[in-house]
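Novice: Chains as they are written, first to last, in the working numbering: chain V, 1 to 587; chain E, 1 to 290.
For the record, the hints were derived by calculation from the structure and aren't laboratory data. One should not assume that every hint holds.
[As the list claims (entries may be wrong)] Heads up, simulated DSBU-like pairs for lysine-lysine below, C-alpha to C-alpha not over 35 Å straight-line: (1) V/K425 x V/K478; (2) V/K477 x V/K523; (3) V/K81 x V/K447; (4) V/K459 x V/K523; (5) V/K174 x E/K274; (6) V/K38 x V/K477; (7) V/K372 x V/K516; (8) E/K197 x V/K393; (9) E/K197 x V/K239; (10) V/K447 x E/K197; (11) V/K478 x V/K337; (12) V/K401 x V/K447; (13) V/K459 x V/K174; (14) V/K250 x V/K232; (15) E/K197 x V/K218; (16) E/K197 x V/K174; (17) V/K372 x V/K334; (18) V/K564 x V/K372; (19) V/K174 x E/K78; (20) V/K38 x V/K425; (21) V/K187 x V/K59; (22) V/K447 x E/K78; (23) E/K274 x V/K447; (24) V/K232 x V/K142; (25) V/K187 x V/K218; (26) V/K174 x V/K160; (27) V/K250 x E/K197; (28) V/K115 x V/K38; (29) V/K582 x V/K116; (30) V/K484 x V/K38; (31) V/K168 x E/K197; (32) E/K76 x V/K447; (33) V/K174 x V/K232; (34) E/K197 x V/K232; (35) V/K142 x V/K168.
[To be verified] Computed beta-carbon distance windows for the label pairs: (36) V/Y404 x E/R74: 50 to 58 Å; (37) E/E270 x V/S175: 37 to 45 Å; (38) E/E158 x V/K477: 51 to 59 Å; (39) V/Y404 x E/E226: 48 to 56 Å; (40) E/G271 x V/A385: 52 to 60 Å.
Bear in mind that the values here come from a model prediction, so they are computed numbers and not experimental data. All residues carry an ideal CB built from backbone N, CA and C; glycine is no exception.
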Amino acid sequence: MRMRNQFLAAVGLAALSVGLALPAIAEVTEQDILNDAKTPEDVVTYGLGPQAQRFSSLKTLNRENIKGLVPAWSFSFGGEKQRGQESQALVKDGVLYVTGSYSRLYAVDARTGEKKWEYNARLPEGILPCCDVVNRGAALYKDKVYFGTLDAKLVALDQKTGKVVWRKDIDDFKSGYSYTAAPMIVKGKIITGVSGGEFGVVGRVEARDAETGEIVWKRPVIEGHMGELNGKPSTMTGKTNETWPGDTWKFGGGATWLGGTYDPELNLIYFGTGNPGPWNSALRPGDNKWSASRLAINPDNGEIVWGFQTTPHDGWDYDGVNEFVPFDMQKDGKTVKAGATADRNGFFYVLDRTNGAFLSATPFVSNINWAKGIDENGRPIYDEANRPGDPAKSEDGKKGKSVYATPGFLGGKNWNPIAYSPDTKLFYVPSNEWGMDIWNEPVNYKKGAAYLGAGFTIKPTFEDHIGSLKAIDPATKKVVWEYKNKAPLWAGVLTTAGNLVFTGTPEGFLKAFDAKTGEEVWKFQVGTGVVASPITWEQDGEQWIGVAAGWGGAVPLWGGEVAKTTAGINQGGSFWAFRLPKALASR
Amino acid sequence: MRALSRRGFAAALAGLTVAGAFAIGPVFARPFDEVMASGVLRVAIYDDNRPFSEAAQAGPRGIDADLARAIAERLKLKLDLRVVDAGENVDGDFRLNLWRGDLAGTPLADLMLHVPHDRILATRNEQIFLTNPYFEQRLAFAYHRGRIEGFEGVRDLEGNAVAVEGTSASDSLLMNAEGGRFRGQVRHFRSFDEAAKAYLAGETPILAGTRAGIEAALAAAGVAGEDNPVVEVPIPGLVRTRWEIGGAVRSDSRDLAYAVGDALAALAQEGRLKTICATYGVTYAPPQGY
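Starting from the given sequences, assemble the full structure and let the hints guide the process.
Specialist: Here it is in structure tokens:
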């Protein structure tokens, strides 16, 4: 006993002296996370604050001086593992943390771009991730940095050294599970969803103790499934067979693959859920809750507080995973505790974030035809002529009725996050204008066996552009300005108190716009497509902008007309940091 | 998005890569010579695909495993047999096993077995070339005699639960038969093995799947025979009820495909295929061309 105590004391001393030798690194506290939106000298959360408004109070940089914004350094992710870089970086105490494709994480000196350490997840042989090998970012808490890997593991690393503290299975990658989202820290817990589209994958949200990685609660998002709290069954989600026929709920889909947001004021986590399975809606009459929905969940026990289904009985692959962003809306002289989301289905929804009550839905892309509109209760008014056919009613016995539906399955907006500026009171939505032909396709094989799948071709709505960055006023529902881009937009958006909006393009530009007018005021070519979310932070009295670069994601995996807009774009893997030198800022 | 949007992944990726990869190299390449010179034939078969293949404790077993051994023997080559996980679709498996490889950099295989012999599949995967087929898969049903009088047509499903693997061809067949009137009777399982287990335990009077799968499951449980007849019934609709399986090689290795095809024909001729199938309780179902 005595021996052991002495040993521990010695270790403590050693640790202390090491600590003294290094520059002081303060731990990331709960308060740092909650205040992230108000502390521009660091970025400790995905979304620049738990609400993920992606708004920075920094105003040093503005349209007048942005010409002086110059590259400070560029950091290569190295190796042959290029492909889509969708990561949002984090910055704390002079260190920048950024994830790369193929489940890699780098700690870089935020001033010089020099690498401090790199963690390269060893992916198992035979891993078969879908939809590109991206990662969307990490989470910081206390002395650790967390991220998820393609083989569905959650890893906690020591911020200083990059050494593994713990590593837990989110699920079995062999059963079709993966993980690409940025995890979220809420009250000492690390919150994750799951990715995966295999038969039998059911979406769920999970909370773990951030220190140990042990599960605290699990919340399946499909009705009929039992939740878990502290190792014991808690409550069932919904009621069995209320909105799913037969045993279809058991394998209902609803993958929670994009991560969530958090409102500390109401103590609610907001999570989106994926499309239901099987893909053909004729096989599962009913609303199929809670697929294609937004859920508000109590972070303490995993109970669902409210749910809102954007696409009940989805038949077009309109995932409901897109982020729900809390904001306070001024309307008729009152402040409404609202939240907004730009859904795959092409409608921009504003909900009461306290109870999920529907406030409004407005189309944010052109030619939507799967629904004629959204009724006063928030339910779609379907156009049944544009729902993919029931394979049981196939006329030619070959492929069933083909329908043309807008938006296409990649959505009016995909994963790439929107931004909200409390200054302009506008949402900035990176959208895409496209539709699809979709039909039942009998010539599909899995493991050498035939199955009835979906066939589809995605097509641009307009000749001159697919991408469309729109500024939307949530109170008046008006589109205030629009920037059109030839290729689809696949990067996240950032807005600042300096009246600027930033986003990237597949053509390789990081661009800045006037937040009020949409006028393009700056651009920089990074040499490969930009499909990541930019950040900004203050360092040594100067404003910095940073973004990961590297073309990929789902778009290049699709052929046809859409591929033509991105043909010839080279792959990459790097992080670019820009700064506005003091001398130019004061001029 | 997943279930739906992933389907086109491999095909689209293939489309992008094909221009670069195949601008070089002759059509009738040397791979057969290379394989013969190396003395080793690398064959990929699926895991968890009873009765055709699985990575069993004592080594790979199943019809495809034995067939791979027989092919190698016939070509006087040593066999390097890989048991691989099935990807989202066969198109993806071609990419992983035959022409591009996986994330871990595992060497490619020369030959994949259990590949649907389908012209459309071959056309949309320019990187591969098919061998002759060696077996015909047919959708079938087993039923507990005693619980059901007889099973001659789809209407005999009336009022009876059917165990089936989710999203399999049999599942689609049942869910869409007669305008969907049997949907309430379909019991879904994650795999065929689980469905068979439920049927054998008496949970359902009917089991649906491929004839080979059903026969092997019944044989393994020792209940093949009169008490559990296996029947094929005609069900019209979109879903394929029969498809042939064969092998696939890279498109620059056609000569290897011909050599393998010759070996397969000889193995069928001499009754070896029939014997291999019988080992697993499966009736050999020759492809239509034989």
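Novice: If you check each hint against the structure, which ones fail?
Specialist: Nothing - there is no hint that the structure violates, so all of them hold.
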